[in-house]
Each structure stands twice: as structure tokens, then as C-alpha cells.
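Each protein sequence line maps, in turn, to chains H and B.
Each residue of the first sequence is one higher than the last, beginning at 31 in my numbering.
Each residue of the second sequence is one higher than the last, beginning at 31 in my numbering.
By construction, these hints were calculated from the structure, which means they are not laboratory data.
It is possible that part of the hints are untrue.
[Claimed, not checked] From the structure, some residues in chain H lie toward chain B, with a derived Cβ separation under 7 Å: (1) Ala312; (2) Arg454; (3) Glu459.
[To be verified] Chain H stretches covered by chain B per the calculated footprint, using a threshold of three residues with CB under 8 Å from any CB of chain B: (4) 281–295; (5) 364–370; (6) 577–584.
Glycine residues also receive a C-beta, built at the ideal position from the N, C-alpha and C atoms.
Number of protein chains: 2
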Amino acid sequence: MPEFNAPVRDMRFVLHEVFDAPALWARLPALAETVDASTADAILEEAAKVTGQLIAPLNRSGDEEGAQWHAGQVSTPAGFKQAYATYIEGGWVGLSGNDQFGGMGMPKMLAVQFEEMLYGANSSFALYSALSSGACLAIDAHASEALKSLYLPPMYEGRWAGSMCLTEAHAGTDLGIIRTRAEPKADGSFSISGSKIFITGGEQDLTENIIHLVLAKLPDAPAGPKGISLFLVPKICVNADGSLAEANAVTCGSIEHKMGIKASATCVMNFDGASGWLIGEAHKGLAAMFTMMNYERLSIGIQGIGCAQASYQSAVAYARERIQNRAPTGAVAKDKIADPIIVHPDVRRMLLSMKSMTEGGRAFASYVGQQLDLAKFSDDAQERQDAQSLVALLTPVAKAFFTDTGLESCIHGQQVLGGHGYIREWGQEQLVRDVRIAQIYEGTNGIQALDLLGRKVVMDKGVALRQFTAEIRTFADQPNVTYSAQLLDAVERLENLSDWLQERADSNRNEIGAASVEYLHLFGYVAYAYLWARMAHVAESKRTEDETFYGAKIATAQFYFSRMLPRILSLEHSIRAGSESLYGLNAEQF
Amino acid sequence: MPEFNAPVRDMRFVLHEVFDAPALWARLPALAETVDASTADAILEEAAKVTGQLIAPLNRSGDEEGAQWHAGQVSTPAGFKQAYATYIEGGWVGLSGNDQFGGMGMPKMLAVQFEEMLYGANSSFALYSALSSGACLAIDAHASEALKSLYLPPMYEGRWAGSMCLTEAHAGTDLGIIRTRAEPKADGSFSISGSKIFITGGEQDLTENIIHLVLAKLPDAPAGPKGISLFLVPKICVNADGSLAEANAVTCGSIEHKMGIKASATCVMNFDGASGWLIGEAHKGLAAMFTMMNYERLSIGIQGIGCAQASYQSAVAYARERIQNRAPTGAVAKDKIADPIIVHPDVRRMLLSMKSMTEGGRAFASYVGQQLDLAKFSDDAQERQDAQSLVALLTPVAKAFFTDTGLESCIHGQQVLGGHGYIREWGQEQLVRDVRIAQIYEGTNGIQALDLLGRKVVMDKGVALRQFTAEIRTFADQPNVTYSAQLLDAVERLENLSDWLQERADSNRNEIGAASVEYLHLFGYVAYAYLWARMAHVAESKRTEDETFYGAKIATAQFYFSRMLPRILSLEHSIRAGSESLYGLNAEQF
Numbered sequence: 031m032p033e034f035n036a037p038v039r040d041m042r043f044v045l046h047e048v049f050d051a052p053a054l055w056a057r058l059p060a061l062a063e064t065v066d067a068s069t070a071d072a073i074l075e076e077a078a079k080v081t082g083q084l085i086a087p088l089n090r091s092g093d094e095e096g097a098q099w100h101a102g103q104v105s106t107p108a109g110f111k112q113a114y115a116t117y118i119e120g121g122w123v124g125l126s127g128n129d130q131f132g133g134m135g136m137p138k139m140l141a142v143q144f145e146e147m148l149y150g151a152n153s154s155f156a157l158y159s160a161l162s163s164g165a166c167l168a169i170d171a172h173a174s175e176a177l178k179s180l181y182l183p184p185m186y187e188g189r190w191a192g193s194m195c196l197t198e199a200h201a202g203t204d205l206g207i208i209r210t211r212a213e214p215k216a217d218g219s220f221s222i223s224g225s226k227i228f229i230t231g232g233e234q235d236l237t238e239n240i241i242h243l244v245l246a247k248l249p250d251a252p253a254g255p256k257g258i259s260l261f262l263v264p265k266i267c268v269n270a271d272g273s274l275a276e277a278n279a280v281t282c283g284s285i286e287h288k289m290g291i292k293a294s295a296t297c298v299m300n301f302d303g304a305s306g307w308l309i310g311e312a313h314k315g316l317a318a319m320f321t322m323m324n325y326e327r328l329s330i331g332i333q334g335i336g337c338a339q340a341s342y343q344s345a346v347a348y349a350r351e352r353i354q355n356r357a358p359t360g361a362v363a364k365d366k367i368a369d370p371i372i373v374h375p376d377v378r379r380m381l382l383s384m385k386s387m388t389e390g391g392r393a394f395a396s397y398v399g400q401q402l403d404l405a406k407f408s409d410d411a412q413e414r415q416d417a418q419s420l421v422a423l424l425t426p427v428a429k430a431f432f433t434d435t436g437l438e439s440c441i442h443g444q445q446v447l448g449g450h451g452y453i454r455e456w457g458q459e460q461l462v463r464d465v466r467i468a469q470i471y472e473g474t475n476g477i478q479a480l481d482l483l484g485r486k487v488v489m490d491k492g493v494a495l496r497q498f499t500a501e502i503r504t505f506a507d508q509p510n511v512t513y514s515a516q517l518l519d520a521v522e523r524l525e526n527l528s529d530w531l532q533e534r535a536d537s538n539r540n541e542i543g544a545a546s547v548e549y550l551h552l553f554g555y556v557a558y559a560y561l562w563a564r565m566a567h568v569a570e571s572k573r574t575e576d577e578t579f580y581g582a583k584i585a586t587a588q589f590y591f592s593r594m595l596p597r598i599l600s601l602e603h604s605i606r607a608g609s610e611s612l613y614g615l616n617a618e619q620f
Numbered sequence: 031m032p033e034f035n036a037p038v039r040d041m042r043f044v045l046h047e048v049f050d051a052p053a054l055w056a057r058l059p060a061l062a063e064t065v066d067a068s069t070a071d072a073i074l075e076e077a078a079k080v081t082g083q084l085i086a087p088l089n090r091s092g093d094e095e096g097a098q099w100h101a102g103q104v105s106t107p108a109g110f111k112q113a114y115a116t117y118i119e120g121g122w123v124g125l126s127g128n129d130q131f132g133g134m135g136m137p138k139m140l141a142v143q144f145e146e147m148l149y150g151a152n153s154s155f156a157l158y159s160a161l162s163s164g165a166c167l168a169i170d171a172h173a174s175e176a177l178k179s180l181y182l183p184p185m186y187e188g189r190w191a192g193s194m195c196l197t198e199a200h201a202g203t204d205l206g207i208i209r210t211r212a213e214p215k216a217d218g219s220f221s222i223s224g225s226k227i228f229i230t231g232g233e234q235d236l237t238e239n240i241i242h243l244v245l246a247k248l249p250d251a252p253a254g255p256k257g258i259s260l261f262l263v264p265k266i267c268v269n270a271d272g273s274l275a276e277a278n279a280v281t282c283g284s285i286e287h288k289m290g291i292k293a294s295a296t297c298v299m300n301f302d303g304a305s306g307w308l309i310g311e312a313h314k315g316l317a318a319m320f321t322m323m324n325y326e327r328l329s330i331g332i333q334g335i336g337c338a339q340a341s342y343q344s345a346v347a348y349a350r351e352r353i354q355n356r357a358p359t360g361a362v363a364k365d366k367i368a369d370p371i372i373v374h375p376d377v378r379r380m381l382l383s384m385k386s387m388t389e390g391g392r393a394f395a396s397y398v399g400q401q402l403d404l405a406k407f408s409d410d411a412q413e414r415q416d417a418q419s420l421v422a423l424l425t426p427v428a429k430a431f432f433t434d435t436g437l438e439s440c441i442h443g444q445q446v447l448g449g450h451g452y453i454r455e456w457g458q459e460q461l462v463r464d465v466r467i468a469q470i471y472e473g474t475n476g477i478q479a480l481d482l483l484g485r486k487v488v489m490d491k492g493v494a495l496r497q498f499t500a501e502i503r504t505f506a507d508q509p510n511v512t513y514s515a516q517l518l519d520a521v522e523r524l525e526n527l528s529d530w531l532q533e534r535a536d537s538n539r540n541e542i543g544a545a546s547v548e549y550l551h552l553f554g555y556v557a558y559a560y561l562w563a564r565m566a567h568v569a570e571s572k573r574t575e576d577e578t579f580y581g582a583k584i585a586t587a588q589f590y591f592s593r594m595l596p597r598i599l600s601l602e603h604s605i606r607a608g609s610e611s612l613y614g615l616n617a618e619q620f
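Just chain H, same shape as in the assembly:
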């Protein structure tokens, strides 16, 4: 099993050199006191240690053992409990949490680096706290002060975890048809009854309590998504002083047997008149839950980058060591019976594809993190609003594009190892299995694509899109931008295609869904082109300082523009073929 080493140097490049995050932090009052370049670096180093030395070593064994269910109790694999206890001592669960309630108040730009490390080290382990962080965000944004002061501190500490209870057996994407009910009780709380499935970390043995955020319908609820309310339902009831009281009527009926993330318990949760407390307003639960969901969507996107990064590290190590055949241009390792396979063009193509997409993804995640920080911390209302528009536009791209291309990267990594890539002990196949879920949960990537094209582009009349492309144009129009022409061409394609789709959608409502997934991919490649152009621009200016590092960035950018960005040509062509060919068959003809 290969080690996992967090790519701290690359992360520092993105944070400090590409985005100059410390300058931004210095001008945002809430961050100026909290974080600077050296704090950020110290956090990255410590995070690398925790993920590489404490959490990554449990990844393979966790996969082999899996989470176990017995009589309503879930046991995590050997070592998880001890590692989790050590992990939460570092305060990582509350890294970007509200410091009024015990969070560390760190910027999201920094938190996304940590999340990438965590998923890269061990996706199953990562999930136990990823859901907590998201739940805290929703509680912090929408719950009463009383609920916040009672629940947030132990959740930020990691002593209590959070879960997200949306899906029911008959209602996944279509939350409007959920059946879980909430009956008001005399004391202002509610009695929650229903059954939820696919609940990540719904039950586990790591934390003293689990705080479920549950979507349910009040008796007077209107039909459909506008009749959904959000409730806080603890596994164990909590006294006013924060101590634990009696068990709530919440039980774990079973856990799923899955393709991957086997150490993460995916639970059927039964609520049998459990006590719950309303978060936010009645019937407006979906909007409140979306605070958590948007957080989780970016986070789950980052799972795609983390797994791809882990796969890349293992593939590069193998390609440097494994000798097989000679380089096409003649022997390189003349003292050996064959050359290391990293000399072969197709092995390089796979590795560079992984490298360019993973580093492009990291830069994109950091960019979204920057916008989240601006939306939260800026004291300029317009800046906050602009940033919020970009976050809304880019979150579905991040979730789906990171994970679709994350799978592709892990498959490349597995392929580089040949037969060994298929054998469990080598670790690559686990990454393929683990990353695959990220295209499905938190809203399938098809749903992300509909959100992007239908809601964030077409319904928005392209306003946020133009804001984003205007920023790209401003960058590309500077002097000495190496990839200016290619970037401007790509942006123009995206804009024209978006306009074309806007028109088409008016006359045929199938057009959005017919185009959406390919549109999201095209969008992703254009966004990465922007970020690669920026990274190359920075690297060119510093090349003489460190040829090894900056030269690699420049070469990877060249690969991206030469061999990856051309994918937008086919995507555009296919999208412009429209929805007609999707409707030539009736359901029986499939």
C-alpha cells in the first residue's frame, strides 16, 4: 500500500501564489485577526501530518473490515475510534466553524485544502466529520440562538456528529413526495415519524451523540417541495445544560452493503415519534437544508479531487519503479533490463491527464472557497452579492465535474498499475470504488447539471455566467497571458452556446435536460482553462526561482491546453444536436 502525502507545496502555490489569499484575508475584518500566511502554512503542515500519519493508514483496513451493524448498533472498523478521538483534539471539525460557538473561524479557502487531504487519505473516515461540518453550517444559519448554543459547541468539537436525513425509499431526487411527518407537541417541540434511507453516519460508535437534520412534513403542509420543514433530531436527548438525557426514539434499522466507502456506515434510520426541534421557518425546510447541501456538494466534489490525488501519487510512484519495455526513442535505463514505464508516451498521457485535472480542480475548489469567504466576510454588500452569485453558479460544476473527472483520474491511476491496479492490496481499485459514490450522492451529477443549466444559467438569464466570463476576459486581455487566445476562444464558445441554449429552452423544455450534463462538462473544461492560464501565468513569472516546480506547472498547463481542452469541441457539437434524438423511442422501445 502506498502512502498518502498531502500535496502541501501545491496547495501553498494555489493559496499564496495564484490567489494571494493572505492579502485577501488581511483586508477582511473577520479574518484579519484569525489567519495569515504563516498560520495557514502551519495548519496545512499539521493537517498533512494528521491525514498522512493518523488517518490514511486506516484506509485499506477500513475497506476490508467495513462498518458493521448488529442489533441497531454500528461499529466502525478497528482503529477508527482511537483515530477519531485524536483527530478531533485538533479541532478540525470546527475548522471553518463560527468562532462564537467554538469554531475556529478559518477561511473556506483553507478548509477546502484540508478537506481534499482528508478525502485523499480516507474517504470513509472523512465522511464522519464532513456531515457534521455541514450540519453545523445549517444550524448556525437557520436555528434559534438556543439551539445554536446548545448544539454547536459539542458538534464543532467533534464530540457530537451531524447527519443529513433527506432520502426516503420512494423519494430521492424528488423530495416533494417525502412521507416523514412532524406533529407539533405542547412544549414547542415536534414528534417525528418516518423512515429515511442512505443516511451517511446515521449511526456509529465514534461520537457521544448524533444530531440528525431531518426533512419532514407538518400536518398542515402544502403538497410538494414547498411543504417540507427541517428538524433537529438528536440521537440522545439533550438537557438544558448540554448534558445527555434519555435516548430519543431514533434507531438504525440496518446498513447498506456497498461498492465502496465501506467503512462509512450508510444507514436506514427509523424515527418513531422522536423528539425534534424546528430549524428555521415551517415549510421552508428545503431552503434551510440547502445551506447544508451546498456545503456538502462542494465537499463531495472535493472528494473527487482527493481520491484522484491519492490515485495519482500511487500511479506516479509505480510508473517510476516498474520497468517494462524500452522507451520508443531508445533505452533510458541502460543498466536495467527494461525502462521505467514513465518513459512511455501513453503512461505519461494518463499521468498528465490526472495531474492537470487534479491541480485544475484544486485551483477551482480554492476559487469557489475564495468566493465563499467573500460572500461571508466582505464588508462590501456588492462584493458579497457578486461572490454569492458565483458560488451559486459554480457549486454544481464543482460537485459534478470534480467527481466525474475524479473517477476518470482514478481509472487512469488503476490502469497505470496494469494487473496490480485490479488487486485489492495495491489500493487503486479501492479509490475507484470509493470515488464512484461521489457522482451519485448529494444530488446525482445529472441533477447538478440541471441545476447549473436550468436554474443558474437559463433562469438567471446568464447574469452570473457573464459575471464569471467577464472576469475571465479581463484576465485574458492582460498583456503576456500565454494562453490568452485559446482561453478567449473557449469562453466565447461557452457564451455562445449558453445563449443558444437560452433560446432553445424557450421553445422546447426538453432541451435543458438534453444538454445539461455535457454543458456542465464543457463549462468545467473552460473554467479549468481559466485556472490553468492563471497558474501558468504565475509560474512563468517565477520559473527561474525553481525550475523543477514552476517548470512542471508550465508543462502541465501546456498539456491541458493541448490535450484536454479540445474536449469542448465534441461536447459542443453533441449539445447542438439537441434533444430530438433522445425522443425517437417510446419507453417500450428501449
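Model the placement of chain B on the given structure of chain H, informed by the hints.
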């Protein structure tokens, strides 16, 4: 768990209607007596029964239980032994085997349909006989008459199995560096010593004997691939009358724990002075083994189609049943709370992508089967040679393109099921795990691509390629070919790109490997365009006879040309960017 139903109607369409196989069989003397349309149909029906009712039901349980190793013995999962015994009673192992030695002598065109069914029903089970069929082919083509009459009959019967022993721990792709030795013995046999890994079915409990075909080096062997010889090494020695004698010095050291095909035993095989018999000439073992390998490459390609077909069936069934949200153009199932998801454009896009690639693949496999039959049975030397050229050109395409797109299809199928696609009991995730190996074994798809572009196109100076494209042009130039213009455009791109690569390869030897995988994909899409144009052409002429069936073919062709074929644009663009961007980094910069 969904059922598997072999797509017999679609197979008959390809065999009888698209290729008019019965007319071909009638004119080939060796086949005229053996098979006609009704025999073929009876075989397809029986094969559908065997695969659907006997073998498919063991697929999930076989995955859960896996093959087990204990003290050198391998046990297959519960039910495999009984099913295998019933299976071989039908003579399926020898379906296209030499009838002089007990084979059924059926055409390959028919056999490929059966192979697709077998892989679709249960890939692990399929492998236990797929290797036997390939081993028989190599023995039949290269071994002495004495070996043939001793070994082929029980192998065709399925009482004995075959295995293919190439890979060693340090030598996978690079067979020139194998270390297994063969020492001549006084009786004309050889003593074989060495260790082989990744041996599919190297040990099992299904058959009375296992006949290993082993690559090894004689004491006087030249270095590299030209010093490899091929040996027949039985697990249990065989008396002259065909009865079993003492055990040979062949043992199974362990089996691998893999991502998928868990019911197939992947063995470490140790040969400790085992008795072996030379097949073919000394030092020419690699060429002899290629008889088996080329067979297996097509067969493993078909694994990609079979798994994709199984995934498609399950996805379509789910998409018709599962209700979630409303169609974009308004409610369809007004009596239900939501519409079946097959109304949604993106679900249709995924299903049609699977359908068009699976049916395109089936037609392509049948086309290669037809060429194999011509190469074997034609009494016209030129026709045999032309067919052989096409087989050589198209086999690597079949192996790699069927399996790369087979994985894509299975991932689509899994995605259609949403969260259920990730849960083991629903079966989709197993198909993803099982099909993934097919891109790796029998020569990775990267190796197939090098074989195609380096050997079959560039070294061949495009002769076989022109033969293939000339055939396509002849078809497209007929009157009333609906997709004539698009097909001719695609063919021209393939030809021009091939010429361009031919030139580039002269000046830079990295160009072939830099282009090869994308070139193979482009080739595959063009070949499928040819086959879809042919299928559409036939379907158009028969549309009034059966609108449901032929209308579906016509609509799927339209989807293929609108939404799949455009992929060649990006592939071409990326290929034409050349190898330069692959060599901007040294090994340490990755």
C-alpha cells in the same frame, strides 16, 4: 436482482438481416452442412436458456462468496460445479471447435453471440471456459497430431479446461524478460520450472484436468521475445489412452483478492520441474500463443459488450419502474405522484448511449466474426487473406473499444439507478467491477492501441486500413444511404489522420504512443458509424413490418450520429496536438 435475458431478437437482426450470415454459410463448404438459419436460431434460443436460467442466477452469489483457496486447492462458489456440469453437457465449450476432434465446428459469427450472452450472464463463470476455447484454438493450430488427439476432445467436451500462463511478477507487457525455464528431457518432453501470476482459472474444482499453455525459455534461447517457446503442461499427466496418470509438478500458490470477477480464480501458478510438451517450434512460442491471445482478445472485448448489455437491461427496467419528478414537458403518468424516470432527457441520454454502443459493439463483433469465418473457411485464397488482414486490424479495436466503452456503459447503468446503483444487491456495481478487468487483461488497452496504430496501421503502411475504409466507402456510395455524408466525412477524417500519423511517426517515435489510445477510440467510433449506417439501412427497408423493433433501430442510429459520433472531433484535435506536451516534464517533475 434483475434477470438477464439474452437479446436474441437483436442478435438475429445482426446475423440474418444485417450480415445475411446464412447466405455466407451456404457458400462456404465447411459450414454449408453444419449450420443454417434455423440451426443458428435454435442454438441462440438454447444459449439464451442456458445463460439466463442456469448461469446468470449464480452471478451475485458468486461475487459475494468468491473463489476460495485453501492449501493449494481452489473452490468455486456454491452452485458453480453443478451448473458447469450441466453447461458442458450442451457442448458449448467446443461450439466453434474443430469437428475432427469433437468440436461443433460452428461459425465464429454465431459463437460471438454466445460469448456475449455468457459474459452478460456471469463474467466469472464465462472465464472458466473462455480460456479453454482459446487454448484449444492454439493447440489445434500449432500442436502435433498426437497432442491434438490426446487433449482436444476432453477439452472441447469441457471435462478438461485450459489456461494461459504468460505473466510473471516482473514481466507483464514485456514478455521478452520472462524467467520460466524449459529443460529438454530424454523422452522428448520438457521439464518446466518457474512461477506465473494472474493465471485465470489456473486452478479450480470444475474440471478433471487443467491444461496449461505456458511460455518458457529453452536453455539455448536467444534473449528477448524471440527466445520464447510454448509448452503444454497438464495439471495431471495423461496416459497415452487419455486416462489420467499421476499429478504433475504444478501447484497453485495462492489466488488474488480483486476488485471484481471474484468468482473467477486468479492464480499464482508454480511449475517445479513439471512435465511439458512443446507446442509448435522452439523459440516461436509467442507467435503460437498469439493464436490464443487473439482469440482471447476478441472474447474479452465481448465481455465489455456482455456486461454493458446486462447493465442496460437492468437500467431500462429501473427507469421504467422508478417514479421521480415530472417530465419537463408536463406530467406523463398523471395517475401517479411522479413520472417514471425514463421520461427525463438525461436518463434517456444515458440509456441511448448504452444502447447505441452495445448494439454497435455487437454488430462490430459479428463483423469481426464474419471475417474470422472467411479467413478460416473460404476456399478463395485472396478472400482468406483479405479477411485475415481485417481480423488483424480490427481485433485490437474490438478488445479495447468494447471494453473502454463497456465500462462507460456500466457506469451509465449504475448512474441511472442513483443510490441503488451503488448498493451490492442491485447488481449494477458488480458489473462495473467485473467489466473493469477487461480493459487490463489480455494486454492492456494501451497495448491494444499500440498494436493498432504502430503495427496494424503504420507498419502496414495503411494497407489493411484502406481495405476497410474502401469497403465503407463502397457502402456509403450506394444510393439512399441515410448517413452517407456523415459516414464519408468520418472515414475521411480517419484516413487523413492516419496518413498524418504515418508521416509524423517517421520523424518522432513518440508520436505513435502519444496518439494511440485516442486514435483507437476514433477508429472505433468510425467503425460503429459504418455499422449503424448499415443497421439503419436495413431497418429503414423493413420499418413497416415491425415499427417497434425497426423504428427503435432507426432512432438509435440517429442518436449515434447526433450524439456519439461527434466525439471524433475532440479526439482528432487532441491527437493532432502531438507528443510534445507529454515530454515537458522529467520523471521527477510528476
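Here's how the hints hold up against the structure:
Taken as an interface hint, alanine 312 (chain H) does not check out: its beta carbon lies about 22 Å from the nearest beta carbon of chain B, beyond 7 Å. Interface restraint check: arginine 454 (chain H) against chain B, minimum CB-CB distance 5 Å, threshold 7 Å, status holds. With its C-beta approaching chain B no nearer than about 4 Å, glutamate 459 (chain H) sits inside the 7 Å limit, and its interface hint holds. Closer than 8 Å: that is the beta-carbon criterion, and the region 281–295 of chain H has 5 residues meeting it against chain B, so the requirement of 3 holds.
A stretch counts as covered by a chain when three or more of its residues have a beta carbon under 8 Å from one of that chain; for the region 364–370 of chain H and chain B the count is 3, and the coverage holds. Here's how the region 577–584 of chain H fares: 4 of its residues keep a CB closer than 8 Å to some CB of chain B, so the rule of at least three is met and the hint holds.
Checked against the numbered hints given earlier, the structure breaks only hint 1 and satisfies all the rest.
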